[in-house]
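A.B. asks: Chains as they are written, first to last, in the numbering used here: chain A, 1 to 334; chain B, 1 to 334; chain C, 1 to 334; chain D, 1 to 334.
No lab work stands behind these hints: they were computed from the structure.
Fair warning: there could be bad hints in the mix.
Have a look at the derived ranges for each label pair, beta carbon to beta carbon [unchecked claim]: (1) A:Glu318 <-> C:Glu115: 35 to 43 angstroms; (2) B:Thr333 <-> A:Pro142: 18 to 26 angstroms; (3) B:Pro169 <-> A:Asp47: 49 to 57 angstroms; (4) D:Gly43 <-> C:Gly79: 55 to 63 angstroms; (5) D:Asn25 <-> C:Ala321: 53 to 61 angstroms; (6) B:Gln312 <-> C:Met23: 54 to 62 angstroms; (7) C:Glu141 <-> A:Glu318: 27 to 35 angstroms; (8) C:Thr27 <-> A:Asp299: 57 to 65 angstroms.
Bear in mind the structure is a predicted one, so any value in this text is a computation, not a measurement.
Yeah, the Cβ is synthetic: ideal placement off N, Cα and C, and Gly gets one too.
There are 4 protein chains.
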Amino acid sequence: MFVVMQEGADEALIDAVIERMVMKNFTVHRSTGVVHTVLGGIGPEDDFNPAEFEVMEGVKECRRVTSPYKLASRSFRPGGTVVRIGKVEIGGDRVAIMAGPFAIEGESQVEQTAELVARAGASVLCGGVFRPGAMALNPDEPTLELLRRAAERRGLLLMSEVTDHTQIPLVSGHADILMVGAHNMQNFRLLAELGKLRKPVLLQRGASATVEELLVSAEYILTGGNYDVMVCERGIRSFESSQRYILDVSSIPAVKKLSHLPILADPSQATGRRDKVASMARAAVAAGADGLLVDVHADPGAAGGDSAQSLQADQFAELVAQLRTIAPALGRTV
Amino acid sequence: MFVVMQEGADEALIDAVIERMVMKNFTVHRSTGVVHTVLGGIGPEDDFNPAEFEVMEGVKECRRVTSPYKLASRSFRPGGTVVRIGKVEIGGDRVAIMAGPFAIEGESQVEQTAELVARAGASVLCGGVFRPGAMALNPDEPTLELLRRAAERRGLLLMSEVTDHTQIPLVSGHADILMVGAHNMQNFRLLAELGKLRKPVLLQRGASATVEELLVSAEYILTGGNYDVMVCERGIRSFESSQRYILDVSSIPAVKKLSHLPILADPSQATGRRDKVASMARAAVAAGADGLLVDVHADPGAAGGDSAQSLQADQFAELVAQLRTIAPALGRTV
Amino acid sequence: MFVVMQEGADEALIDAVIERMVMKNFTVHRSTGVVHTVLGGIGPEDDFNPAEFEVMEGVKECRRVTSPYKLASRSFRPGGTVVRIGKVEIGGDRVAIMAGPFAIEGESQVEQTAELVARAGASVLCGGVFRPGAMALNPDEPTLELLRRAAERRGLLLMSEVTDHTQIPLVSGHADILMVGAHNMQNFRLLAELGKLRKPVLLQRGASATVEELLVSAEYILTGGNYDVMVCERGIRSFESSQRYILDVSSIPAVKKLSHLPILADPSQATGRRDKVASMARAAVAAGADGLLVDVHADPGAAGGDSAQSLQADQFAELVAQLRTIAPALGRTV
Amino acid sequence: MFVVMQEGADEALIDAVIERMVMKNFTVHRSTGVVHTVLGGIGPEDDFNPAEFEVMEGVKECRRVTSPYKLASRSFRPGGTVVRIGKVEIGGDRVAIMAGPFAIEGESQVEQTAELVARAGASVLCGGVFRPGAMALNPDEPTLELLRRAAERRGLLLMSEVTDHTQIPLVSGHADILMVGAHNMQNFRLLAELGKLRKPVLLQRGASATVEELLVSAEYILTGGNYDVMVCERGIRSFESSQRYILDVSSIPAVKKLSHLPILADPSQATGRRDKVASMARAAVAAGADGLLVDVHADPGAAGGDSAQSLQADQFAELVAQLRTIAPALGRTV
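Build the full structure now, drawing on both the sequences and the hints.
C.D. replies: Here it is, written out as C-alpha cells:
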C-alpha cells in the first residue's frame with residue numbers, strides 16, 4: 001500500500017501515519033517528492049481498508065497495491081480456467097450456450113423448450129432462475145426433477161439457481177451447475193457454503209457491483225476450495241431507462257485481463273425484452289464471452305406476465321446461427 | 001395502464017394489443033390522436049409487466065397507472081406513520097438518533113459506546129450491523145446479550161441486523177428493531193418472514209435500488225401484516241468515487257411524498273469515512289429525515305481495520321448539538 | 001399527454017388540472033378508474049414540460065405521449081437513412097470504418113496513418129478530433145490542409161471536429177463530414193448552425209445523455225433542413241472505473257428502433273485504452289452499428305501522453321479482418 | 001506517479017516501463033515486494049496520462065500522486081477563498097443567497113421578482129440563466145439592461161450566464177458575476193477566455209462530472225490569473241428518475257476538503273420541481289454550502305412551460321427563514 005501525504009503535511013502528521021502503518025505490520029519506505037511525501041508500505045493488505053488511513057489528518061490518499069483477491073486473479077492461472085463437466089467445457093474454444101425457460105410453468109413447457117434448445121445447439125438447460133423483482137419462490141423438488149428429466153433426455157447439463165444457503169443440498173442434488181443470482185452476489189454466507197461444495201458455480205454480477213467486487217465475491221467461493229467458478233455479466237444500473245439494465249459488454253475483456261475465470265453473459269435478464277436480446281448476445285460473444293445464458297420459451301406469447309424477455313424457437317435458432325458466424329473471428333466455435 | 005401505439009401502426013397491430021389487454025382482464029378505451037393511438041386499460045395491474053406489451057409489434061410504450069405498491073403509498077395513510085416502541089416514537093416530531101458500534105469488538109467497547117451515545121441523546125443503540133464487503137459473520141447469542149444488557153442499563157432500545165430468514169428467531173429474541181441491510185433489500189424470503197413478525201423493521205435501501213423499488217420491498221413486509229416498517233437511505237452507487245456511496249438526500253423528500261413510512265438516513269455506511277459523516281447527517285435532518293443511524297466508537301483510532309467510519313465521542317456529541325439547532329427549522333426536536 | 005391524479009384527489013384539484021390543460025390547448029378526456037382518475041390530453045406537446053403538472057397539488061404523474069423529436073423518429077423514414085458522400089454510403093449494407101490519428105502531431109504521422117488505414121479498408125480519415133479533458137486547441141487551417149491532402153491521396157473522405165459555431169466555415173471548407181464531440185452534444189447554438197449547412201454531420205452522444213436526449217439533439221440539426229445526420233455512441237459514465245467510460249452497446253439497437261438515423265460507435269474514446277478497443281469494436285458491429293471511429297497511430301509507442309487509446313497498424317488490420325468475419329452474421333460487409 | 005507491475009512480470013517488461021518513465025522525465029525508484037514490483041516516479045505529472053503506462057505489457061496499474069490541479073487545491077490557500085464584490089462576500093461567514101427568475105419573460109416579471117428576493121434577503125439577482133434542454137437563446141442587450149436596472153434599484157449584484165466565449169464582452173458589461181452552466185463545464189475555450197477576465201465566475205458542475213473534473217475546469221480559469229472563481233453543485237445523473245438530477249450534497253464537503261474555492265448549490269435546476277427545492281436547499285446549507293442559487297418567480301402558476309422549478313414568493317421567504325435557523329449550527333448567518 002502507499003499513503004500520499006497532503007502538500008505541507010508536517011512531521012508530526014507523517015509520524016502518526018508511519019506509526020499506524022507499523023502497528024498494522026507494514027514495513028515503511030519514505031519518499032520525499034517536491035510536492036508530496038509518499039509512504040510506501042510493504043506488508044499484509046488482506047484485512048486492510050485504505051479509508052482507515054485516508055481519515056487521518058494530513059493524508060491525501062491511500063491505495064492498495066495488491067488486488068483484494070488472489071485466487072481469482074489472472075496471475076494465479078495465467079492460462080485461464082476451463083470448467084469441465086462431462087464432455088462440456090466452459091472457458092475453452094467453444095462458446096457455451098445455456099438456455100431454457102427461466103421461469104417454469106409446467107412439464108410441457110419444460111419439455112418443449114428443452115427439445116428446441118437442444119436442437120439449436122445449447123449444451124446446458126437453465127431453469128428455475130427467478131426474474132428480478134419477482135416474488136422469490138424457492139426451488140422445489142418436483143420442479144427440479146422435471147428439469148432434470150428434460151435435460152437428461154437430450155443429453156443436456158442442468159443449471160439451476162440456489163437462492164439461499166439452506167437450498168444448496170436440494171439444488172445440488174439435481175443440478176450440474178448452481179447459479180448465484182445477481183441479488184445474492186454479496187450473500188457471503190451462501191458464497192462460503194458454495195466454497196465447500198465440489199460442483200461448478202456460476203456467479204452473476206450484481207447490478208451495481210464493480211468488476212473488482214465481482215471477483216472478490218468469486219474469491220469467497222474459491223477460498224473454500226471450489227475452483228470451478230464462472231462469473232456472468234448480467235447488466236448494470238445506469239441512468240438510461242430504455243432498457244432494464246445496461247449489459248456492460250466492456251466487463252468481458254476486463255474480467256479476461258484481471259482473472260482466469262470464465263465469463264459469460266446473460267442478455268435476457270439484462271435487457272428484459274425479447275427485441276434486444278439477440279443484438280446483445282452477439283455483442284457479448286464478439287467481445288469474447290465464454291458463453292451465454294438465454295431465456296427461451298416454446299410459446300412466449302401465451303405465457304404469463306413475465307415472458308417479455310423470452311426468445312421464441314425461431315429467434316433462438318437464428319441467434320445461434322449468427323453466433324456460429326461470429327465466433328470464428330475470435331478463433332472459436334459455438 | 002395505457003399503451004401508446006407507434007405512429008402509423010395499422011389496425012391489425014392495434015387489435016392484437018387490444019386482444020392481449022382483454023386476455024389480461026383489462027377493459028380497453030381507445031383514443032385516436034393526430035399522431036398516436038392510445039389504448040387505456042382499466043383493470044388489475046398487480047401482476048403486470050409493461051415490457052410484455054412493449055415487445056409487441058407496433059407498440060411505442062406501455063405504462064402502469066397505479067404504483068406497484070399500495071400499503072406503502074402515502075394515500076394509504078395520508079397523515080404518515082409513527083412507529084411507537086415504548087416511549088420512543090419514530091416518524092413524529094422528534095428526530096430519532098440511533099447510534100452505536102456497528103461492528104462489535106467486545107464488552108468494554110459496547111458498554112463505553114452505549115454510555116456515550118445515551119448521554120449525547122440517542123434513543124436507540126445499533127450494534128451487530130455488518131460493514132458492506134466484510135465477511136458476513138452472523139448474529140450470535142452472546143453478542144446480542146451483551147448489546148441487550150448495554151442498551152437496557154441506559155434505557156436505550158436495541159436495533160440489530162438480521163442477515164437471513166433463519167436468524168429471525170434469534171435476533172428478534174433480543175432486539176427491539178430488526179434491521180435489513182442494503183444487500184438484503186430484495187431478499188424476498190427474508191422480507192416475507194419479517195411480515196409475519198410483530199416487531200418494527202428498518203429496511204435499508206440497496207445501493208442501486210430506486211425509491212420505487214425500496215417501497216416495493218417495504219410492501220412485502222406490510223403485506224404480511226407487519227405495519228411497523230421504517231425505510232433508510234444508505235447511499236447509492238454513482239460515478240463519483242470520492243466517497244463509497246452518494247447519500248441520496250433527495251430520496252428523503254421523495255419518500256415523504258410517495259409514502260407514509262418514516263425515512264431515516266445512514267451517513268456512516270454511505271460515506272464510509274468519519275470526516276464526511278457529520279455534514280451528511282446534518283443534510284439528512286435538514287431535508288426532513290425522521291432519524292439517523294450513526295456509527296460511533298469510544299476509541300476508533302485503536303480499533304480494527306473497519307473503524308474509518310466511526311465517529312469519536314466528541315464528534316458525535318458535537319453533531320447532536322448541531323442537529324438540535326437545525327431540527328427546529330422543520331418544527332422538530334432532537 | 002396524460003395526468004394521473006393521486007388516489008383520493010378531490011374535484012377541486014382535478015378541476016385545477018383540467019383548467020391548466022385547457023390553458024395549454026389540450027382537449028381533455030377524463031377517465032375514472034377504481035383507484036385513480038386519469039386525464040388524457042390531446043394537443044400540442046412540443047413546448048410542454050410534464051413537471052409543470054407534476055408540481056400541482058393532487059397530481060401523481062404526468063407523461064408525454066409523443067416523443068420529444070419528430071424528424072429523428074423511425075416513423076419519419078421507416079426504411080432508415082443512408083448518408084451518401086461520393087461513393088461511400090453510411091447506414092447501408094456496408095459497415096463504414098472511419099479511422100485516423102485523433103490527435104495530430106505532424107505531416108509524417110498523418111501521412112503514414114492515412115496510408116495504413118486506407119490499406120486496411122477504412123473509407124473515412126478522422127483527424128483533429130480532440131481528446132476529452134485535453135486543452136481544446138481549435139481546428140486550424142494548416143492542420144486541416146494537411147489532413148485533406150492525406151485523405152485525397154488515398155481516396156478517403158475526411159471527417160474533422162468542429163468545436164464551436166465560429167469554426168464551421170473553416171472546418172466545412174476542408175472536411176466532408178463535421179463531427180460534434182460529446183461535450184458539445186447540447187451546444188444548441190452549434191447544432192442550429194449545423195442545421196443550416198448542407199454537409200453530413202456526425203453527432204456524438206454525451207457521457208451522461210440518454211438515447212432520447214441524443215435524438216433531441218439530432219432533431220435540432222434536422223429541423224434546419226440538414227438531413228445527413230449520423231449519431232455515434234461514445235461511452236457513458238458509470239460507477240465502473242476499470243475503463244474511462246462504458247461503451248453502451250445497447251444504445252445501438254435502441255437507436256435503430258427509435259430512429260432512422262445511422263448509428264456508429266467510437267470504442268477508442270469510450271475505453272481510452274488500446275487493449276480494450278478491439279473487443280468493443282467487434283461488439284458494436286455485432287450489435288448492428290453502421291460504422292466505427294477508430295483512433296490509429298503509425299507509431300503510438302513513441303507518441304505523446306495521449307497515445308494510450310491508439311491502435312497500432314497491425315492491431316488495426318487484425319481488427320478489420322475480424323469485422324469482416326462478423327459482419328456477414330448481420331447480412332453486411334466491411 | 002507509481003506503476004505497479006503484475007505478479008510475475010519479468011525483467012524485460014519492468015525495464016521497458018522504466019525506460020518509458022525516464023523518457024517522460026521521471027526519476028525512478030524500484031521497490032520489490034513479495035507479490036508486486038512497484039516503480040515510483042518522481043517528476044512532472046502535469047501532462048501525463050496513467051493509461052499510457054497501463055496499456056504496457058506487464059503493468060497492473062498506474063496512478064498519479066499529485067492532483068491534476070494545483071491552484072484550485074486546498075493547499076494553495078489553506079484558509080479558503082472569500083470572493084468579495086462590493087459589500088457582498090462569498091465563502092465567508094454569511095451564506096449567500098442568489099435568486100431570481102432563471103428564465104426571463106419581461107420587465108414586470110423581473111421587477112417584481114427582484115423586489116421579492118431582495119426583501120427576503122438575497123444579495124445577488126440571477127437572471128438569464130437557461131434551462132437545461134431548452135433551446136439556447138443567447139444573452140441579449142435589452143434583457144441584460146433590464147436585469148441590471150432591477151438589480152441596482154434594490155442594491156443587488158447581478159449574475160448572468162455566458163453561453164459562449166463570444167458572449168463574454170456583452171455579459172461582462174452588465175453582470176457582476178458570470179455564470180458558466182453545467183453544459184459548458186468542459187468548454188475549455190470559454191474557460192480560458194474567462195481566465196483573462198477580472199470578474200468573478202461561478203462554474204457549475206456538469207451532470208456527469210466528478211468533483212476532480214470540476215476542479216480541473218476551475219483550474220483553467222485560475223491559470224489565466226482570475227482568482228475569483230466559485231464552483232456550484234447542480235445535480236448529477238443517476239439511475240433514480242424521481243427527480244431530474246440528484247443534487248450530490250456530498251460534493252460540498254468533498255470540495256471543501258480538496259479546494260479553497262467557495263462552493264454553492266443550485267437545487268432548482270437539480271430537482272427541476274418546486275416541491276423538492278426547499279428540502280434540498282436546506283440540506284445544502286446544512287452540509288456547508290457557501291451559498292444557493294434559487295429560481296424564484298413572482299407568479300409561477302401563470303408562467304410558461306418552464307416554470308415547474310420556480311419558487312413562489314411565500315415559499316422563498318419561508319425557505320430563507322428556515323436557512324436562518326439552520327446556518328448558526330455551522331457558525332454562520334444567512
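A.B. asks: Does each hint fit the structure? Answer for all of them.
C.D. replies: Results of checking the hints against the structure:
At about 40 angstroms, the beta-carbon gap between Glu318 (chain A) and Glu115 (chain C) stays in the expected band of 35 to 43 angstroms. Range check, Thr333 (chain B) to Pro142 (chain A): Cβ separation about 57 angstroms, and the 18 to 26 angstroms hint is violated. One distance hint, 49 to 57 angstroms for the beta-carbon pair Pro169 (chain B) and Asp47 (chain A), is violated here, with the actual separation near 31 angstroms. Separated by about 58 angstroms at the C-beta atoms, Gly43 (chain D) and Gly79 (chain C) satisfy the suggested range of 55 to 63 angstroms.
Range check, Asn25 (chain D) to Ala321 (chain C): about 39 angstroms between beta-carbon atoms, so the 53 to 61 angstroms window is missed. In this structure the hint that Gln312 (chain B) and Met23 (chain C) lie 54 to 62 angstroms apart at CB holds, the actual value being about 58 angstroms. Checking the proposed 27 to 35 angstroms range against Glu141 (chain C) and Glu318 (chain A) shows it is violated: the Cβ atoms sit about 51 angstroms from each other. Take Thr27 (chain C) and Asp299 (chain A): their Cβ atoms lie about 41 angstroms apart, and the range 57 to 65 angstroms is violated.
In summary, the structure is inconsistent with hints 2, 3, 5, 7 and 8 from the numbered list given earlier, while agreeing with the others.
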